[in-house]
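All chains, full assembly: derive it from the sequences and hints.
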Amino acid sequence: MEFFDVWKAYDGIQALQGLCLEVRRGEIFGLIGPNGAGKTTALKIIVGLLKMDKGFVRVNGYDITEEPYEYKRFIGYVPEAISLPEYLTVEEFLIYSGMIRGVEKERIRGCLEDYLRIFSLEDRRRSLILTLSRGMRQKTAIASALIHDPDLLILDEPFIGIDPEGQHRIKELFVERVKEGRAVLVSTHMLDTAERLCDRISVIHRGKNVASGDMEGLRRLSERGEGATLEEVFLKLTEEASKPYEGEEPSIKRGSRFPWLFGRRGT
Amino acid sequence: MGLLLDLYRIKMKIFLGAFRASKLSLLLLFLYAIGFIPGTIGMSTLLAASIKEGMDLMVYVGPLSTIISTLLALIILSTFRGYVSFEYEQSFIFTSPITPRLFLIASLLSDLTILSPFLFPLFLMLGIIAVSLSLSLLTILSMIFCLLLFALFIQFLKASLSIFLSAYKGPGPRILTILLMAALLFPALGGLHRLPLTLSYGELPYPSTAMALVIIDFIYDRVPQTYSLILLLSYFFASLALFLFTSQKNIFQLARIVPFVSPFDTSMRVQEIKMGKNIAFFSRIGFGFTLNLRSRNLLRFLMKKELIRMVRDGSLFAVFLFYVIVLFIFSLGMGSSGDMPMEVPSFMLLLYTFITPSMLISNWRIGELNNLWMPMTTSMGLEYVLKSLLYDVTLVTIAVPTFVVGILFFLGKMDLILPLALVASNAMIGCPINLYMTIKFLGTKRRATPSLMIIYAAMLLSGLLMMPPYILFTVNLFLRLGLEIELLLSVPMILYSVFIFRYISRKIGEKALEIEL
Numbered sequence: 090m091e092f093f094d095v096w097k098a099y100d101g102i103q104a105l106q107g108l109c110l111e112v113r114r115g116e117i118f119g120l121i122g123p124n125g126a127g128k129t130t131a132l133k134i135i136v137g138l139l140k141m142d143k144g145f146v147r148v149n150g151y152d153i154t155e156e157p158y159e160y161k162r163f164i165g166y167v168p169e170a171i172s173l174p175e176y177l178t179v180e181e182f183l184i185y186s187g188m189i190r191g192v193e194k195e196r197i198r199g200c201l202e203d204y205l206r207i208f209s210l211e212d213r214r215r216s217l218i219l220t221l222s223r224g225m226r227q228k229t230a231i232a233s234a235l236i237h238d239p240d241l242l243i244l245d246e247p248f249i250g251i252d253p254e255g256q257h258r259i260k261e262l263f264v265e266r267v268k269e270g271r272a273v274l275v276s277t278h279m280l281d282t283a284e285r286l287c288d289r290i291s292v293i294h295r296g297k298n299v300a301s302g303d304m305e306g307l308r309r310l311s312e313r314g315e316g317a318t319l320e321e322v323f324l325k326l327t328e329e330a331s332k333p334y335e336g337e338e339p340s341i342k343r344g345s346r347f348p349w350l351f352g353r354r355g356t
Numbered sequence: 146m147g148l149l150l151d152l153y154r155i156k157m158k159i160f161l162g163a164f165r166a167s168k169l170s171l172l173l174l175f176l177y178a179i180g181f182i183p184g185t186i187g188m189s190t191l192l193a194a195s196i197k198e199g200m201d202l203m204v205y206v207g208p209l210s211t212i213i214s215t216l217l218a219l220i221i222l223s224t225f226r227g228y229v230s231f232e233y234e235q236s237f238i239f240t241s242p243i244t245p246r247l248f249l250i251a252s253l254l255s256d257l258t259i260l261s262p263f264l265f266p267l268f269l270m271l272g273i274i275a276v277s278l279s280l281s282l283l284t285i286l287s288m289i290f291c292l293l294l295f296a297l298f299i300q301f302l303k304a305s306l307s308i309f310l311s312a313y314k315g316p317g318p319r320i321l322t323i324l325l326m327a328a329l330l331f332p333a334l335g336g337l338h339r340l341p342l343t344l345s346y347g348e349l350p351y352p353s354t355a356m357a358l359v360i361i362d363f364i365y366d367r368v369p370q371t372y373s374l375i376l377l378l379s380y381f382f383a384s385l386a387l388f389l390f391t392s393q394k395n396i397f398q399l400a401r402i403v404p405f406v407s408p409f410d411t412s413m414r415v416q417e418i419k420m421g422k423n424i425a426f427f428s429r430i431g432f433g434f435t436l437n438l439r440s441r442n443l444l445r446f447l448m449k450k451e452l453i454r455m456v457r458d459g460s461l462f463a464v465f466l467f468y469v470i471v472l473f474i475f476s477l478g479m480g481s482s483g484d485m486p487m488e489v490p491s492f493m494l495l496l497y498t499f500i501t502p503s504m505l506i507s508n509w510r511i512g513e514l515n516n517l518w519m520p521m522t523t524s525m526g527l528e529y530v531l532k533s534l535l536y537d538v539t540l541v542t543i544a545v546p547t548f549v550v551g552i553l554f555f556l557g558k559m560d561l562i563l564p565l566a567l568v569a570s571n572a573m574i575g576c577p578i579n580l581y582m583t584i585k586f587l588g589t590k591r592r593a594t595p596s597l598m599i600i601y602a603a604m605l606l607s608g609l610l611m612m613p614p615y616i617l618f619t620v621n622l623f624l625r626l627g628l629e630i631e632l633l634l635s636v637p638m639i640l641y642s643v644f645i646f647r648y649i650s651r652k653i654g655e656k657a658l659e660i661e662l
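Protein sequences, first through last, are from chains A and B.
In short: position in the first sequence from 1, add 89, done, that's this note's numbering.
In short: position in the second sequence from 1, add 145, done, that's this note's numbering.
If you are wondering where the hints come from, they were derived from the structure by calculation, not from laboratory data.
Each statement offered as a hint is correct.
Computed footprint of chain A on chain B; a stretch qualifies when at least three of its residues, placed anywhere within it, have a C-beta under 8 Å from a C-beta of chain A:
id : segment
1  : 449-458
2  : 504-515
3  : 522-529
Values in this document were obtained by computation on a predicted structure and should not be read as measured data.
Every residue gets a Cβ at the ideal spot worked out from N, C-alpha and C, and that includes glycine.
This is how it looks when you write it as structure tokens:
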């Protein structure tokens with residue numbers, strides 16, 4: 090997956106400013122950054138939930154602007170704020186996921202049993218999603234993202250709400266997939282998990298790529314010594330990136346549309 | 146005092162925050178206000194003219210008191226949930242050193258302020274009557290003072306009862322409250338025929354009676370009777386005493402916490418919670434109907450999934466209930482008069498057919514908006530999902546009223562051909578228009594648009610496009626053109642609707658590509 094010079098603004102706020110990323114086959118790629126850095130926006134652009142203002146994204150050889158549907162056969166996505174159809178049971182939802190992703194019926198039947206077992210959802214297969222805990226919903230969403238065996242799995246904060254055993258199984262699953270030549274792109278705030286799990290990591294800040302590479306490379310870039318943790322590296326890199334350039338003006342100024350009614354607001 | 150004002154300001158700002166999310170919220174309030182103007186002006190002018198011609202208003206003490214008593218009973222019914230607070234109040238106010246009483250007073254003031262714009266028609270009515278009858282300034286000011294007193298009485302009573310019901314959980318307080326409601330409504334039975342009940346509101350020392358007497362005296366520009374004034378003041382002071390007593394309780398520990406509710410549902414959270422409750426209830430019924438791999442193709446599979454949603458979230462039940470009410474009203478009408486003109490069931494049924502698509506698609510928006518990320522991240526895209534939804538909604542909108550038309554036809558209360566053609570026509574126009582307007586306001590940029598505004602716009606547009614079929618239908622209804630002509634009229638009606646259906650469906654497909662979540 091190539092993500093090159095991508096720009097995106099919301100209501101005048103620049104969320105991505107020429108962000109570049111590259112995810113290769115056979116790796117777990119971590120995306121880390123402070124709140125509002127643009128991680129979720131970047132992922133949403135890759136999966137087609139948002140349109141970029143400028144830039145170029147290619148997945149498995151497909152330009153996502155030119156061919157907005159075809160490339161989606163190769164991706165699986167789990168959003169940060171998961172919302173699932175609560176009126177379906179776990180089993181029905183996984184069938185639905187398979188069907189809308191064009192998976193053959195026989196394969197859906199096979200995968201269904203596998204994933205229910207892997208994610209310990211067998212007992213809840215006929216339960217409505219409405220009745221599931223947050224962790225179980227997360228597991229169900231991950232299972233649905235895997236049902237078509239995608240080449241690139243994209244996950245936004247996948248471990249929140251999942252118990253340690255579940256987290257361990259999911260990490261094992263990621264490693265297995267990567268060994269088979271597929272790729273995983275994870276956005277997370279859990280830096281210790283990212284440090285242990287990811288082959289390469291990209292630190293983004295204010296919509297720009299601050300640094301990319303493996304742990305060794307990031308340590309070198311941050312000028313932190315050997316043995317520095319990802320947390321230390323991250324803090325150093327984002328601190329450097331936060332320093333304003335000489336003479337830099339704040340780029341965003343917004344006011345209320347009804348100042349007479351609500352009072353002024355501005356950033 | 147400063148703290149009280151700060152609290153009041155916070156509560157007002159949070160309330161007004163709903164307007165910030167979408168400019169259309171302001172438009173909705175404006176539409177609400179202007180929607181009442183013609184009716185209010187007409188009614189008030191007529192009333193003022195009747196009074197000038199010597200109409201005796203004292204005979205209306207009973208009906209006016211009945212209305213006020215019913216309102217009071219409904220307000221008391223709303224206290225059964227106990228004292229209700231919003232999540233943000235629990236998180237930020239209840240954990241601060243603010244006292245419960247101060248919070249209650251700030252809530253009371255903000256509730257009165259929030260209510261005022263919605264009482265605009267009432268103020269307008271009183272204003273027109275005051276000007277038409279040339280009431281003195283003193284009378285007008287006294288009337289406003291009494292209305293304020295009564296509004297405060299209601300607020301004190303509501304707050305006190307809800308605190309009382311939160312603090313004392315047993316059946317006793319609930320029975321007492323039910324008795325209070327029954328006492329308020331009991332004299333209304335006197336209005337029903339065949340009941341040997343001699344009680345009437347005009348003879349009872351009820352707060353509603355006092356208020357009705359005071360208003361009527363003011364309209365006649367005379368000083369109200371001492372009896373009604375003393376009665377009104379006694380109720381006010383009694384409610385104040387009750388409020389001062391109950392506000393000593395620590396409501397911060399007793400309050401029932403609910404998500405923030407705004408009259409303009411910008412967050413949709415409350416509706417989503419309600420939808421969750423519906424699913425928990427209706428899914429028990431819909432379990433015989435499951436989503437499996439037996440569907441022949443993807444479109445059928447998706448249509449089945451949408452149908453399952455409608456069953457399990459109660460949408461289908463609501464539609465059935467809607468039409469059961471129509472049938473019930475017809476049977477009542479036919480029972481009392483023996484006969485009912487054919488126009489009445491026809492127009493009522495068609496009005497319902499007009500509303501059904503809005504109801505179904507609005508429910509889809511609430512339940513499915515946050516789930517759309519899933520089809521949108523697949524190679525299938527959103528178009529297929531929208532297509533299956535459109536087909537399902539159109540089928541339901543046609544099938545249920547067709548059943549009702551069938552029943553009415555067998556009862557000899559309705560023709561068959563043209564009503565069926567109009568039902569199909571309404572569905573084929575109303576469903577795609579409602580879906581188109583909904584997805585137009587679906588993306589991140591316009592997500593804050595209130596549902597009511599979307600429904601309003603969709604109904605307006607559907608109404609305009611439905612005009613030609615309605616004209617054909619009305620012409621036949623009054624001229625009784627005969628079966629052959631009915632068949633002839635049905636053909637262009639259906640062709641026109643099919644054209645609209647296909648055209649808007651194509652537009653929906655195009656719009657689906659623009660959605661960003």
